[in-house]
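Each chain is listed here by its residues.
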Amino acid sequence: MNQPKNQQPKAVSLISGGLDSMLATQAMLDQGIHVEGINFYTGFCVEGHTHAIRKKDKAKPKRNNALWVAEQLGIKLHIIDVIDEYKDVVINPKHGYGSNMNPCLDCKCFMVGKAHEWIKKHDFDFIVTGEVVGQRPMSQRRDTMPVIQRESGAEDRLLRPLCAKILPATLPEREGWVDREKLFAFNGRGRKPQIALAAQMGISDFAQPSGGCCFLTDAAYSNKLADLWSARGERHYELDDIMLLKVGRHLRPRPHFKIIVGREEGENRFLEGYRKQFTHMYTTSHPGPLVLLDGTAGNDDLQLAAQLAARFSQGKMAETVCVELHEKGTAKRELTVAPLTNEEIPLEWYL
Amino acid sequence: MSHHQLDARRMLCPMPVIRTQNFVVKLPPGDTIDVLCTDPGALHDIPAWCRIHGHEIIGTQEQDGELMISVRVGVNSD
Numbered sequence: 001m002n003q004p005k006n007q008q009p010k011a012v013s014l015i016s017g018g019l020d021s022m023l024a025t026q027a028m029l030d031q032g033i034h035v036e037g038i039n040f041y042t043g044f045c046v047e048g049h050t051h052a053i054r055k056k057d058k059a060k061p062k063r064n065n066a067l068w069v070a071e072q073l074g075i076k077l078h079i080i081d082v083i084d085e086y087k088d089v090v091i092n093p094k095h096g097y098g099s100n101m102n103p104c105l106d107c108k109c110f111m112v113g114k115a116h117e118w119i120k121k122h123d124f125d126f127i128v129t130g131e132v133v134g135q136r137p138m139s140q141r142r143d144t145m146p147v148i149q150r151e152s153g154a155e156d157r158l159l160r161p162l163c164a165k166i167l168p169a170t171l172p173e174r175e176g177w178v179d180r181e182k183l184f185a186f187n188g189r190g191r192k193p194q195i196a197l198a199a200q201m202g203i204s205d206f207a208q209p210s211g212g213c214c215f216l217t218d219a220a221y222s223n224k225l226a227d228l229w230s231a232r233g234e235r236h237y238e239l240d241d242i243m244l245l246k247v248g249r250h251l252r253p254r255p256h257f258k259i260i261v262g263r264e265e266g267e268n269r270f271l272e273g274y275r276k277q278f279t280h281m282y283t284t285s286h287p288g289p290l291v292l293l294d295g296t297a298g299n300d301d302l303q304l305a306a307q308l309a310a311r312f313s314q315g316k317m318a319e320t321v322c323v324e325l326h327e328k329g330t331a332k333r334e335l336t337v338a339p340l341t342n343e344e345i346p347l348e349w350y351l
Numbered sequence: 001m002s003h004h005q006l007d008a009r010r011m012l013c014p015m016p017v018i019r020t021q022n023f024v025v026k027l028p029p030g031d032t033i034d035v036l037c038t039d040p041g042a043l044h045d046i047p048a049w050c051r052i053h054g055h056e057i058i059g060t061q062e063q064d065g066e067l068m069i070s071v072r073v074g075v076n077s078d
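In order, the protein sequence lines correspond to chains A and B.
Under our numbering, think of the first position of the first sequence as 1, with each following residue one higher.
Under our numbering, think of the first position of the second sequence as 1, with each following residue one higher.
It is possible that part of the hints are untrue.
[As the list claims (entries may be wrong)] Dumping the calculated SDA-like pairs for lysine to any residue here, alpha-carbon to alpha-carbon at most 25 Å:
no.	chain 1	residue 1	chain 2	residue 2
1	A	Lys76	B	Asp64
2	B	Lys26	A	Leu197
3	A	Lys121	B	Arg19
4	A	Lys5	A	Glu175
5	B	Lys26	A	Glu175
6	A	Lys10	B	His4
7	A	Lys10	B	Thr60
8	A	Lys10	B	Ala48
9	A	Lys10	B	Asn22
10	A	Lys114	B	Phe23
11	A	Lys5	B	His53
12	A	Lys120	B	Val75
13	A	Lys121	B	Met11
14	A	Lys114	B	Thr60
15	A	Lys76	B	Gly65
16	A	Lys114	B	Asn22
17	A	Lys76	B	Glu56
18	A	Lys76	B	Gln63
19	A	Lys165	A	Leu197
[Stated by the list, open to error] Per label pair, the in silico range of CB-to-CB distance:
no.	chain 1	residue 1	chain 2	residue 2	range
20	B	Lys26	A	Gly32	26 to 34 Å
21	A	Pro346	B	Lys26	51 to 59 Å
22	B	Pro40	A	His286	25 to 33 Å
23	A	Ala318	B	Arg9	35 to 43 Å
24	A	Pro146	B	Val25	32 to 40 Å
Because the hints were derived from the structure by calculation, they are not lab data.
The beta carbon of each residue, even a glycine, is placed where N, CA and C say it ideally should be.
My request is simple: use the sequences and hints to build the entire structure.
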C-alpha cells in the first residue's frame, strides 16, 4: 500500500488561469486535498505582455489570470521561469508542431515533467491538471494522454479530475486519497459540462473558457518566428527576440534585414527600450513611429528603411520627410527621403 | 530586520512577480523590500502574489512611469 507522504495528501495543480484547471483544482480542494498551484512562464504567454505594451489595451484588466485563479481558490501559486529550458521544446519538439509553431504535446510533457520534479523536491504526493480527453487536437487526445504520463515521468501520479472516470485509475484514486466516484467523465470539445460544473461550484467569474494563451498557436506570430530563424540561418532565440515578435509591424524588405515599426504610443515606448541594441530611426519633420532595424544594412538599405519609416509617419503624403538615423556604433545623421507609397511596398514584405 | 531593493524595471509581467518571489523566498519574516517596476501590471500582480503567500504590501508609489512596490516579508515565505 502506498501511503501519501503527508497525512493530508498534497497535490500540485497546473494553473493556466483558465476555467478547466480552476475546476480541477476546486474538485481536489472539495475532497480535502492540500493543493498548491504551479504556473510555468515560457516567454510565449499571451496575457500580460500585450496588455502592458499596447496603449489601446489599457482598459483591459492587467491581472495575471493564474494569480487571480489561485487567489479565488485560496491556494498558493508558484510561478516558475522556464524560459531557457523551454527553448528545446520549441526548437526540437519530438512530437512535432500543431497547425502553427505550437509544440503542444511536447509542451504538456515538459510542464508535467517540471511539476513532477517539483513534487519530488517538495514532498508532495501527486499532480493535477485540468486536461479533458478530446479537448485539444494534439495534447488532449485519448492516445496522447498516456504519452504525457510516460514522458513526463509522472506516470500514475498524474490525475486529471475532469475526465478521470474515463481513464484508468491513478495512484491517488487506487489508494483512496481521492474518491474516484466524485471525479468527472468530461469528454470532447464542448464546454457545457465545465460551465455547468462552474455554476455548481459557485464559480461565476473566470477567464477565457480554455486555451488561447500561447503565442505559438497564432499563425502571424509563428510566421514571424519562422522568418527569424530563416534569416539567421539557425533555430535559436533569446527572450528579447520573442518579445519583439509580439510588438509592432514587421517588414522584411531584404533577406538580410527587417524593420519593426511601432504601431502606437505604447509600442513605441516599449521599443524605445531596445534602441541601444539596434540601429533605429524616427521621423523628425513629421510625427511618426520608432523604427528598429534588425540585421545588417548598407547605405541603400538604410535609405529604404528610412523611406518605410516615412511611409508609416504622418508625413506619408509629403514629398519628403526628414528621418533621424542612429546607426549602431556611429554618430546620428539625418536623411531626407521620399516616403514609399503603398503600391511600392510588396505585400510579401509584411511578416 | 533588513531592507532590500529589487530592480525589475523594463520587465513585463509575470517576470517582476517571479523575481519578487525568488528574492523573498530567501528572506526572513519582517524584512522589507522595495520592488522597482515599469510594467503597470505589476501593481496588480505583486500584491496578488503577496496576498496568497502571506506577505504584506506596505506601500506603492508611482513617479515618471516608474513604480515602487514595498513588501514586508511574512512568515509563509516559501
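- Task: Identify every previously stated hint that the structure contradicts and give their numbers, smallest first.
- Result: Result: hints 1, 2, 5, 6, 7, 13, 14, 15 and 18 break, sorted rising.
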